[in-house]
Amino acid sequence: MTVDCQELRFRTHREGEILDITDQIQRIVTSSKVKDGVATLFVPGSTGALTTIEFEPGLLTDFPLALERLAPKRGSYEHENRWHDGNGHSHIRASIIGPDLSVPFLDKKLLLGTWQQIVFVELDVRPRDRTVIVQLVGE
Amino acid sequence: MTVDCQELRFRTHREGEILDITDQIQRIVTSSKVKDGVATLFVPGSTGALTTIEFEPGLLTDFPLALERLAPKRGSYEHENRWHDGNGHSHIRASIIGPDLSVPFLDKKLLLGTWQQIVFVELDVRPRDRTVIVQLVGE
Amino acid sequence: MTVDCQELRFRTHREGEILDITDQIQRIVTSSKVKDGVATLFVPGSTGALTTIEFEPGLLTDFPLALERLAPKRGSYEHENRWHDGNGHSHIRASIIGPDLSVPFLDKKLLLGTWQQIVFVELDVRPRDRTVIVQLVGE
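Protein chains in written order, with our numbering: chain A, 20 to 158; chain B, 20 to 158; chain C, 20 to 158.
Here chain A stands alone, though its shape is the one from the complex (with noise of 0.2 Å):
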């Protein structure tokens, strides 16, 4: 058995944006000495999240949207009223997305969907420098 953790390092732009990470993940996968296995993939980090989704510009614009629903950006939140930083919808966001992602490979290769992307979701109020841990283990 094999342990092999790597990490990805990327900057976001903007509060909503949504970044397809797939090929930085399945090259990690490619290069690992771990053929067969599960990646699990974790954001270090309490207003940033991970999931899959079809990535096309429509939906880019309806996530953010639906997540506004979710945790409105100018409700009213505690967190706001002590720390004064505008993100405490951004937390509640990403505690319900969630910031762990976990794919399984076979052969070196992820085993997504035809239209189905890794993304990580920018839920803060502003540019951050991220960081995704890639954890593979397997054989």
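Wrong hints could be hidden among the right ones.
Treat identical chains as interchangeable: a pair holds within one or across any two.
In the SDA-like style, the derived pairs of lysine to any residue whose C-alpha atoms are separated by at most 20 Å in a straight line are [what the hints assert, rightly or not]:
{"#": "1", "residue 1": "K128", "residue 2": "T21"}
{"#": "2", "residue 1": "K52", "residue 2": "K128"}
{"#": "3", "residue 1": "K128", "residue 2": "T150"}
{"#": "4", "residue 1": "K128", "residue 2": "F74"}
{"#": "5", "residue 1": "K128", "residue 2": "E26"}
{"#": "6", "residue 1": "K127", "residue 2": "S50"}
{"#": "7", "residue 1": "K127", "residue 2": "I40"}
{"#": "8", "residue 1": "K127", "residue 2": "Q25"}
{"#": "9", "residue 1": "K92", "residue 2": "D104"}
{"#": "10", "residue 1": "K54", "residue 2": "T21"}
{"#": "11", "residue 1": "K52", "residue 2": "D23"}
{"#": "12", "residue 1": "K52", "residue 2": "L129"}
{"#": "13", "residue 1": "K52", "residue 2": "E158"}
{"#": "14", "residue 1": "K92", "residue 2": "T80"}
{"#": "15", "residue 1": "K127", "residue 2": "D23"}
{"#": "16", "residue 1": "K128", "residue 2": "D23"}
{"#": "17", "residue 1": "K52", "residue 2": "T21"}
I should point out that these hints are in silico values taken from the structure, not numbers from a laboratory.
Mind docking chains B and C on chain A? Use the hints.
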């Protein structure tokens, strides 16, 4: 250490259908050579999702209604304006619930609660042939 | 490769309680023989959930309020009509947040962000004795 990759295949019948796949996943675990570890379940597709629920008729009605609040079917979606397949809301719901589920097992038994079942949720607007990847990693 | 299955047990006090279980999970990782790998956490039950959040008093108020928008306590639920246990909304919230969380660790240290804690969310309407499965897989 051992990795054992299996697939579950089935046909869904309608939008909002919630399928209890616990017995099939348990059967895969039972027949595997992996005794202790984690079953990582994954939907290769962007309009289906995996979670757990108490599988009883009331919640099978309630859960789709809650998803309707999260992303209304009759809402306005850019995805719809571009692709005209009537499933913008399906994508949003799937990305929020998520395509993956990791369930630990010990001595070939999934460590679920008594009234907790593993379910596939069909979020697309039409019947679909579905696959769930079952990646067992352990020893 | 090694699999190490541990359990965390605790009692919750009220609906909407958010418990920071980071230190307990880190302690389990520290005392395990597995050095690098993934901690798969799982709630065996259908009215509790796991996620990460910045554990500060503001968000402990804000997060339950957001869940109230997602599935209102005073809403109408078929689950309630059948079982009369007053927790239809609890089940819905739990299925959306999810029962599992996968956190990578390296050199026996969970790879969390500085202001990111692992939390158990009590969604049921009464105090409960809770168990969280902690399955460590790695080497």
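At 20 Å max between alpha carbons, let me know whether K54 reaches T21 within a copy, between copies, both or neither. Intra 9 Å, inter 12 Å, cutoff 20 Å: intra and inter.
With identical chains, the pair K128 and F74 could be close in the same copy or across copies; at 20 Å between alpha carbons, which is it: within, between, both, or neither? For K128 and F74, only the intra-copy Cα distance (19 Å) is at most 20 Å; the inter-copy one is 34 Å.
For K92 and T80, with the copy left unspecified, which applies at a CA distance of at most 20 Å: within, between, both, or neither? both (16 Å within a copy, 16 Å between copies)
Is it within, between, both, or neither for K52 and K128, if the alpha carbons may be no more than 20 Å apart? Intra 13 Å, inter 23 Å, cutoff 20 Å: intra-copy only.
Evaluate K92 and D104 at a C-alpha cut-off of 20 Å and name the case that applies: within, between, both or neither. within (12 Å within a copy, 30 Å between copies)
When no copy is specified for K127 and S50, does a C-alpha distance of 20 Å or less occur within a copy, between copies, both, or neither? within (8 Å within a copy, 25 Å between copies)
Intra/inter-copy verdict for K128 and T21 if alpha-carbon distance must be at most 20 Å: both (17 Å within a copy, 18 Å between copies)
Regarding K52 and D23, is the shortest C-alpha distance of 20 Å or less found within a copy, between copies, in both, or in neither? both (8 Å within a copy, 17 Å between copies)
Are the CA atoms of K127 and Q25 at most 20 Å apart within a copy, between copies, both, or neither? both (15 Å within a copy, 16 Å between copies)
Should K128 paired with D23 be assigned to within, between, both, or neither, using CA atoms and 20 Å as the limit? both (15 Å within a copy, 15 Å between copies)
Classify it for me, K52 with E158: is the Cα-Cα distance of at most 20 Å met within a copy, between copies, both or neither? Classified as both; 8 Å inside a copy, 15 Å across copies.
Same-copy or cross-copy closeness of K52 to L129 [CA-CA at most 20 Å]: within (14 Å within a copy, 23 Å between copies)
Consistency note: the structure conflicts with none of the earlier hints.
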